[in-house]
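K.L.:
Chains as they are written, first to last, in this note's numbering: chain A, 1 to 578; chain B, 1 to 578.
Simulated from the structure, these hints should not be mistaken for laboratory data. No false leads were mixed into what you were given.
Because identical chains cannot be distinguished in the list, a pair is counted as satisfied if it fits within a single copy or across any two copies.
25 Å max Cα-Cα, derived PhoX-like pairs, lysine-lysine:
| # | residue 1 | residue 2 |
| --- | --- | --- |
| 1 | Lys-3 | Lys-206 |
| 2 | Lys-58 | Lys-206 |
| 3 | Lys-158 | Lys-196 |
| 4 | Lys-158 | Lys-3 |
| 5 | Lys-196 | Lys-7 |
| 6 | Lys-195 | Lys-158 |
| 7 | Lys-385 | Lys-423 |
| 8 | Lys-58 | Lys-348 |
| 9 | Lys-7 | Lys-195 |
| 10 | Lys-206 | Lys-7 |
| 11 | Lys-27 | Lys-206 |
| 12 | Lys-3 | Lys-56 |
| 13 | Lys-206 | Lys-56 |
| 14 | Lys-348 | Lys-27 |
| 15 | Lys-348 | Lys-56 |
Protein chains: 2
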Amino acid sequence: MNKELAKKLIDVDMGRQEADLAIMNVKLVNVFSSEIEETDIYIADGYVAGFRGNKKAKKEIDAKGMYLVPGFIDGHCHIESSHLSPTAFSDSVLPFGTTTVIADPHEICNVCGEAAMKYMISSAGNAILSIYYMYPSCVPATPFEHAGCVLDASEIEKFIDEDIVKGIGEMMNYPGVANHDEFVMDKLEVAYRHKKKIDGHAPDVKGDGLDAYIAAGISTDHECATPEDLVERTKRGMYVLLRQGTACKNVLGLLPGVNDGNYRRVMFCTDDRQPQTIRNDGHINHGVNLAIGAGLDPVRAITMATLNAAECFGLDDRGAIAPGRRADFFLADSLEKIEPDKVFVLGKLVAEKGSIILRSRPVRPEGVAGRMNVKNFSEERLALKLESDHVRVIDIVPGGVVTKAGDAYVGRDKDGFWVHDPKEDILKLAVVERHNGLGNVAVALIRGYGMRDGAVATSIAHDSHNIIAIGSNDHDMAVAIEELISLGGGITMVQNGKVIDSHRLEVAGLMTDDNVDDVCRKLDDMHEKAAKILKVSPEIDPFMTLCFMALPVIPEYKLTDIGLFDVRIFDFVDINLA
Amino acid sequence: MNKELAKKLIDVDMGRQEADLAIMNVKLVNVFSSEIEETDIYIADGYVAGFRGNKKAKKEIDAKGMYLVPGFIDGHCHIESSHLSPTAFSDSVLPFGTTTVIADPHEICNVCGEAAMKYMISSAGNAILSIYYMYPSCVPATPFEHAGCVLDASEIEKFIDEDIVKGIGEMMNYPGVANHDEFVMDKLEVAYRHKKKIDGHAPDVKGDGLDAYIAAGISTDHECATPEDLVERTKRGMYVLLRQGTACKNVLGLLPGVNDGNYRRVMFCTDDRQPQTIRNDGHINHGVNLAIGAGLDPVRAITMATLNAAECFGLDDRGAIAPGRRADFFLADSLEKIEPDKVFVLGKLVAEKGSIILRSRPVRPEGVAGRMNVKNFSEERLALKLESDHVRVIDIVPGGVVTKAGDAYVGRDKDGFWVHDPKEDILKLAVVERHNGLGNVAVALIRGYGMRDGAVATSIAHDSHNIIAIGSNDHDMAVAIEELISLGGGITMVQNGKVIDSHRLEVAGLMTDDNVDDVCRKLDDMHEKAAKILKVSPEIDPFMTLCFMALPVIPEYKLTDIGLFDVRIFDFVDINLA
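Use the sequences and the hints to build the structure in full.
P.N.:
Take a look at the structure:
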């Protein structure tokens, strides 16, 4: 609020000036009173001036009894998962009624650190969607891989006082909190000192451990997976997020824990939502509709998706439709299944019937474009010399991000190098460090991908986002890796030394300014080619599966740029077995 | 929170250190889940570490199933109304379970401006009770009287960023908001810029006017008087305070407006509570008990008195009993009528069975003691020369702060001076400017006080707190005024030129460091003397009535240091009638 705006709104309310817009005959979803209110609404300078009375407006829309719903707030997401830059992401989610997101730019910050944060903040400035950030707390996520940078307390300090930064992102290192690791505590201390929020990430943490985590000031959890855990967390004052992402889907599982007493500590989030999931299922409205479909009162579901999130993050200017708040809302025909018809941001029509009308202008990706600092790479670096036929193998588990620690007897040539056997579903996996020209290339074996002949590579490889490539032969893999480097990042498929297709992600190798429809078309096409040409197993997603094979916090075997890692013992292991 | 505290709490939770105190076998009133939870609670360094688990403590108390209730929060009060300095006030309310108050030091700031604010802040530093302030928005309350100072936007700016200052106090000038008066808007602008709250005061404001008031960012109202107004205010996002003061009592009247949908926007306050009301009826627990007695669910009543207020004012460290929050709570036997047994602040026992144990140490009242800057006063200044026998008279209305605009035919001596007629209940009223040595003395006539012979004077005279005196003769009035000046403020009674008794209020003429029991004894005694010796009408409070006779915002006739004021026309009027 500022004085000029306040005066304008007061003038409209007192009938001394006309509102810019009035939406007449709405059924307002009032999240303060938990009821539906038949009224008109007056908007001036992008804010709600007031309700039915003796006001006048330059322009009137007759909503003919449609519901007017406050814009949804996504309480926790990683924009990077959409493959879309923040401005393209804005265009993709506004049609679904999401008008504010709390984003943790964990992925891009792993790649570009401070430059990433600057880029994300400047993109948010251009986006019509309101984007707030939680500063990533865990970069790098582990000491077992090389990310683009190390973001310690002093780095957080640089951004924490920005209005757009609401606090510190998901503190995944809960053992670090329980043991008050100094590196962790120094970061929390920044939040304490600047009176900012700290987001949690505490799967399965309970009892004394949960007390400790909450006592440390961590106030949200989006990794809560059971109704019992939801009940325990909310009882201790935590906000629990009902997550509906592409892979992790918790809304229906958690809903039985939500009740009259605790629902004010519950909100919705998407966490990681792939572009196709956004296009096909929507965004926060998807989770809300699932909850309503499962019997949650629609006004309560909307309250959770709006006011609760706004209160959690101290966003006093939104989360409800009320005088002095942002005119961020949408009209919808029904509350049984919410499909936004007209979506307004700051009183402007930005989307209608599922299509974006007002697009956000991308920013120049300064310091984050084409970040491919790969040194000393050549096809020869992919060669895998074994000391034994009996080796460790990463076993893909379809439909998840975990793997199994497998073993196999494999073929070697006369010099001891691994030889691909087309009859066995074992391929080579490589991780190539791409951030600081360290020259690291690590190679391992992986089973269950299904591909017969060729290679796939991507620069999306959680959480450090080095280049990860899978292939039947070193040449195709090298071609794929080189193609990615020349693209500046993305996803590519190669067969017989030729690039079949590529999806370019020019922003840090993670995101693109292309629009969601183009991105989805490209990915659909590439999925089809992966199945038809490369024969990747229909049980797995050829690209997402790859993205998680370098993540050394999810069991059991993973490959980082340093080597093969056994998450169960939190240490590197030799590929060779006795 | 800070790092050392977090580490300590984590250690206690993880069993690596002992808690300072454990309270075993409590029925915890859980305001997050709206239920009663049987558990144990562990406290370290004044904060809640956690709940029943594998924790250990140096000391255990067995609560034997008593209820453990979060400390109550008074959402709006004027400490000055208690006649007690903030530290003495702390001692008076802690036994009733109030552990935090949001105070508007409107009265003392009218007297001493910046020095008052410094004194109040430094007193809060010494008080065991948590005291937060809303910076008074309306000093002086009107331009029709002389207060000690003018607090404009630049004065507010000096204090607004202090952590202890949560925002700007009750914006009484709602016509000023509706007309966006620049003096008012400049003050609101300070709150906008510093992202602080603005408290409201909007009796009977509705519809478009209410929209305007809320659009201006004013987010609370403690002057709401009907269930319908409560419903309208909460629907628009305002917090409504259920007030139970000495004179203004709204809890039972407003309660019918509170429902499942809106109760999270409702809290309790006392506003103005005289010392005897605190002693006899308690504090926030009084309003809470009235609500419970009227059928409100006790857990809901407690939620309103704790979490709702904490959320409204952004006090994340209290309002509930949960890990990482202040150990401010009390034990009570019953939730049907809440009578705190043991009260804890920061984990320390501060009161037990209605008596204070841990007293707060007063601060030196620098710049606020004995503020009696009266110039050119003498008995002769009280003489009232009339040009007519027919004059305007202030008619006291028993039981309230309003007066009626009366008239009377009175006696005059040969020089035209008013003569007291013992058969008529008409007395002289005088207001003597005491802040800046302006030398103002204004005199008028008043009816309905009942006193036969003598004078009463006080330095409590809302809102400017000049000296106000009532009397049958100029000499007794002059003696009373001189006595007050020499006391440095308070209340005094005189008859036949002799002081009968005085209640000294050495802090700004409004408050004392004496304890509540001594103050009440003194006031009881003086009330008795006022009735028995001075024969003040039993229908009115001899002192409180006087306190409101100079308040030129409450109809109809009032007397300020400038003259007789008719609130109906917002202008001064001549005492003489045709």
